[in-house]
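First to last, the protein sequences are chains C and A.
Everything in the first sequence is counted per numbering that gives the first Met the number 0, starting at 0 for the first residue and increasing by one.
Everything in the second sequence is counted per numbering that gives the first Met the number 0, starting at 0 for the first residue and increasing by one.
Careful, some of the hints might be misleading.
Here are a few chain C residues that face chain A, going by a calculated C-beta distance under 10 angstroms [unchecked claim]:
id: 1; residue: R95
id: 2; residue: M232
id: 3; residue: Q233
id: 4; residue: K234
Covered stretches of chain C (chain A as the covering partner; in silico rule of three or more C-beta atoms under 8 angstroms from a C-beta of chain A) [stated by the list, open to error]:
id: 5; stretch: 2-11
id: 6; stretch: 104-115
id: 7; stretch: 263-271
id: 8; stretch: 274-281
Please keep in mind that the hints were generated in silico from the structure rather than gathered at the bench.
Source: prediction; values computed, not measured.
We put the CB at the ideal spot given by N, CA and C, even for glycine.
There are 2 protein chains.
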Amino acid sequence: MSTSTRSFAAQSATSPLASYTLERRTPTDSDVAIEILYCGVCHSDLHQARNEWHNSIYPVVPGHEIVGRVTSVGSFVTKFRQGDLVAVGCMVDSCRTCPQCLRGLEQYCDNDLTLTYNSPDKHTGLRTYGGYSEAVVVDEAFVLRVPETLDPAAAAPLLCAGITTYSPLKHWNVGPGQKVGIVGLGGLGHMGVKFAHAFGAEVVLFTTSPGKVEDGKRLGADQVVISKNADEMQKHARSFDFILDCVSAEHDINAYLNLLKVDGTLCLVGAPENPLPVAAFNLLMGRRQFAGSGIGGIKETQEMLDFCGEHNVTSDIEMIDIQQINEAYERLLKSDVKYRFVIDMASIKQ
Amino acid sequence: MSTSTRSFAAQSATSPLASYTLERRTPTDSDVAIEILYCGVCHSDLHQARNEWHNSIYPVVPGHEIVGRVTSVGSFVTKFRQGDLVAVGCMVDSCRTCPQCLRGLEQYCDNDLTLTYNSPDKHTGLRTYGGYSEAVVVDEAFVLRVPETLDPAAAAPLLCAGITTYSPLKHWNVGPGQKVGIVGLGGLGHMGVKFAHAFGAEVVLFTTSPGKVEDGKRLGADQVVISKNADEMQKHARSFDFILDCVSAEHDINAYLNLLKVDGTLCLVGAPENPLPVAAFNLLMGRRQFAGSGIGGIKETQEMLDFCGEHNVTSDIEMIDIQQINEAYERLLKSDVKYRFVIDMASIKQ
């Protein structure tokens, strides 16, 4: 038993995304069936559609920034009911018993994390299929509640770009009295600026693009530094409590390590393809730390959505129809989006 | 006014160390004059004698693991009196007013840290000269007390090798119930094993030398892993709370990052010459941290010496006369020492 569901899929690393009918499982007693209203477009979607991480199994239906309405719930479901505005992020299941899952860090599950797409699916024995589709069925433990006060389209990117920046800013206790750097103004970086500002920190945005200075300030940065300008960088030496590095392209980590105070942390959330050279003295001379962080756990993702509801934080988006997805990918490669594409999933019914 | 003092100095990057008479300042009211009994031989001594860090100004009198007896004290000195067993480590002064100095982290002083040798000397306008000499004059704020129960020769390496490993193990709260790795069994590593064991952690030593397995266990390691054996390494994946990396040679940091638990830290205390490539996913997939740490502050160095007095922790040493220093440097380059050379400074009077 399953339900035929319209989607857009890549059938190979070189084929454009195109219409594809997939089968969603019949909901179990603990499942929530969701009509997808909006799905954000993450750079990971493109990487996996094109097999750039060398682990794609086709067809790939991308999409892990999902907002929708509950259409039905299983008999054991207690947290949601039909009509609720809900969300699904990067994960749809985990082992739920390892130390990481028990700590609410399902994203680091020791055993078998099930990602929202291109991951082994325990129910079907096939792969999971993501949010570029009209509907999805997810265990209630991995469904989030979206505050009704938020614009549901602009809330979709919170599920990846949002939590990926919120979680490390929270983990490293960013707040008032602290000087915090955000490196890169893209999908992740623009959320990093918004959250760091909302948490009350002094926010400095680093960008290579002079054209982004005004936008950076509008989004909440107190200062914007053009990172190619060595003199301007040097003025900030040894002054940052925390720097969130949102850049996935190759870049010089040492230039940012030198801007940290003693005991400061530079946390990477982008994932550059090649290893980053780190000069030992930059760490030794100030007990500095170079860290990484991956998305966030389910409990923290809900906390983030609630915070966004209270403070009216959402992503700056450009809405597209699903039929524009291939064009959107090309623009994404040129960083030509302010700052996240979101698919209006009503378009899939055209 | 100054005091002629016998020492051993390098007069250039290529000349062997040889007898040299330097002038120590006449003690001020806050100074302690010390007859040097023993001085440990740190790899940094060799680096700076040979200008390998490109900042040496000659003559260079190395030595920053100094133990001696107080011969006189200035009129404002309250902590020491003639005859006390004392020590001097890597620093002899700092600004004392910046946030780092006020936190007891003088080693990260924002303004003008005065290292024990090859550093600008505020008193003379020349350079500081280190412990390869018969006497030294140091402000009491940078003099440490050595427990009389310790072997003073074996205590000398505590002033650099000891505090450099003690401080990060303390900072990252290493203790019972934790699995801790020590990478490399040399001057630093053998102290790391002793301290981690004394703090009650489960200690795993990583070494490239099968010949060091027995010694590792004798020094306190619960297990010794030959790091060239990939299968043996893989058995420890995702299992360490903390790893202290004491290796100064080029080595693969990623192999150790993969052994850390979620939220684990790999701390570097060796200083490899070239930048170390770090794969982003190794940090992202577990919120891991790659950190560095440099020696320790004065208060913590005293705490370390007191701990060593209570737990009878000292370095494993090989005693030499000052006339053997050039030969000792050659052996140091071959890691042919178990595990620290200490100069018996009585030999300088021969």
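The hints, checked one at a time:
1. Below 10 angstroms, beta-carbon pairs count as interface contacts, and R95 of chain C has none with chain A, the closest being about 16 angstroms; its hint is therefore violated.
2. Against a cut-off of 10 angstroms between C-beta atoms, the interface hint on M232 of chain C is violated, since the closest Cβ of chain A lies about 18 angstroms away.
3. Taken as an interface hint, Q233 of chain C does not check out: its beta carbon lies about 15 angstroms from the nearest beta carbon of chain A, beyond 10 angstroms.
4. The restraint placing K234 of chain C at the interface with chain A is violated, with a minimum CB-CB distance near 15 angstroms, outside the 10 angstroms limit.
5. Here the stretch 2-11 of chain C counts 0 residues with a CB under 8 angstroms from a CB of chain A, which misses the bar of 3, and the coverage is violated.
6. With a threshold of 8 angstroms between beta carbons, the proposed coverage of the stretch 104-115 of chain C by chain A holds, since 3 of its residues qualify and at least three are required.
7. Residues of the stretch 263-271 of chain C lying with their CB closer than 8 angstroms to a CB of chain A number 6, which satisfies the three-residue condition for coverage.
8. Coverage of the stretch 274-281 of chain C by chain A holds in this model, with 8 residues showing a Cβ closer than 8 angstroms to a Cβ of that chain against a need of three.
Of the numbered hints listed earlier, those contradicted by the structure are 1, 2, 3, 4 and 5.
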